[in-house]
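Undergrad: First residue of the sequence shown? That's 71 in our numbering, and the numbers climb one at a time after it.
Read the hints as simulated data drawn from the structure, not as lab findings.
Be aware that a few hints might be false.
Simulated restraints on C-beta separations [what the hints assert, rightly or not]:
{"id": "1", "residue 1": "ASP298", "residue 2": "GLU116", "range": "48 to 58 Å"}
{"id": "2", "residue 1": "ALA93", "residue 2": "GLU116", "range": "16 to 26 Å"}
{"id": "3", "residue 1": "ALA362", "residue 2": "TYR205", "range": "19 to 29 Å"}
{"id": "4", "residue 1": "LEU152", "residue 2": "LEU75", "range": "17 to 27 Å"}
{"id": "5", "residue 1": "GLY256", "residue 2": "GLY310", "range": "15 to 25 Å"}
{"id": "6", "residue 1": "LEU226", "residue 2": "LEU120", "range": "56 to 66 Å"}
{"id": "7", "residue 1": "ARG78", "residue 2": "GLY128", "range": "17 to 27 Å"}
{"id": "8", "residue 1": "ARG294", "residue 2": "LEU75", "range": "58 to 68 Å"}
{"id": "9", "residue 1": "LEU234", "residue 2": "ASP143", "range": "40 to 50 Å"}
{"id": "10", "residue 1": "ARG192", "residue 2": "SER292", "range": "45 to 55 Å"}
Backbone N, C-alpha and C fix where the C-beta goes; we use that ideal spot for every residue, glycine too.
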Amino acid sequence: MLNRLNFRHLYHFWVVAREGSMARAGQILELTPQTLSSQVAALESEMGGLLFRREGRGLRLTDLGLRVQSHADEIFEAAEALEQAMEVPLESRPMRLAVGVSASIHKLIAWRLLEPALQLEREVNVVCETGRTRYLLSDLGKRHLDVVLTDHPPVLAHDSGFRLHELGSSSMMLFAAPQLANTLKGPFPANLEGQPFLVNAVDAPHVSQLMQWFNDQGIRVSVRGQVDDSALIKVFGHHGMGVFAAPAMIADEVCRQYEVECLGEVEAVQDRLFAVTRSSRIHNPAVEAICARGTQDHQIKSDERDE
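Throw the hints in and build the complete structure from the sequences for me.
TA: As structure tokens, then:
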């Protein structure tokens, strides 16, 4: 249809429909009524039916004309909005940032990773999509996303067109609601023996590491819930359903927001964070700001939570 549709004819039809006469539209477009009439006739031929009927000295849209006008309204109103936007200097226009966030990344962490982009002087409009990393990478390849934030470092082929940026890492902390924490007697981590445990159901790398750590400590925990959303895990933990893990760097925020207590830190288990971009050359300043964090502060130390 786009190959057959003459947008100049459509635009002239749109002006005639808006003005209600060939003469008034001709004055606006600086065309003779005869020229406009022939262009409308050409559009009618493309559309397969009449767009106007004569009514006295004016024109009345047919049913087909009304449908075409409705679509033309959207097309040319959008074009006028684009034209107005183009009058604003490029550096003053809002910048779009489409981000894919792996579902296993804690939302407080995602906010921290996005902060450098949101602190730019230029306004940034953020579009966030959450999901499994492999699906987000597919959208990145299709240019639906500008960057993917993940804790699953993908194995990238040399010719994949993607580049991996390490943003930092944090040890893990274990938490529980006060009523559950008060029942845990003895030193950490032995006091976790037989306790209910909540895990991330989207194969977050730190989960398998934690389970191996429990095994190395000779501790058996009872997996009571598998949840594919990091925020929902904390809600379950807040209501006493079990012990859960979160990066130590956001421990204070987790305790304050979900009213839970820290049980202890597991330094042997690290939550590593990455950004994936389409190429080594980054053209979006917001994406550049996110990735620059990794070069400026490669290792996020757990004691940052006290700052």
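Undergrad: Work down the list of hints and note, for each, if the structure agrees.
TA: Hint check results:
1. Between ASP298 and GLU116 the CB atoms are about 50 Å apart, so this pair conforms to the stated range of 48 to 58 Å.
2. At about 24 Å, the CB distance of ALA93 to GLU116 agrees with the hint of 16 to 26 Å.
3. For ALA362 and TYR205, the Cβ-Cβ distance of about 26 Å falls inside the hinted range of 19 to 29 Å, so the restraint holds.
4. At about 19 Å, the beta-carbon gap between LEU152 and LEU75 stays in the expected band of 17 to 27 Å.
5. Between GLY256 and GLY310 the beta carbons are some 19 Å apart, a value that agrees with the proposed interval 15 to 25 Å.
6. A hinted range of 56 to 66 Å holds for the C-beta pair LEU226 and LEU120, which are about 58 Å apart.
7. Here the CB-CB span from ARG78 to GLY128 is close to 23 Å, well matched to the stated 17 to 27 Å.
8. For the pair ARG294 and LEU75, the beta carbons lie near 60 Å from each other, so the given range of 58 to 68 Å is met.
9. Checking the proposed 40 to 50 Å range against LEU234 and ASP143 shows it holds: the Cβ atoms sit about 46 Å from each other.
10. Evaluation of the 45 to 55 Å hint for ARG192 and SER292 yields a pass: the beta carbon distance comes to about 50 Å.
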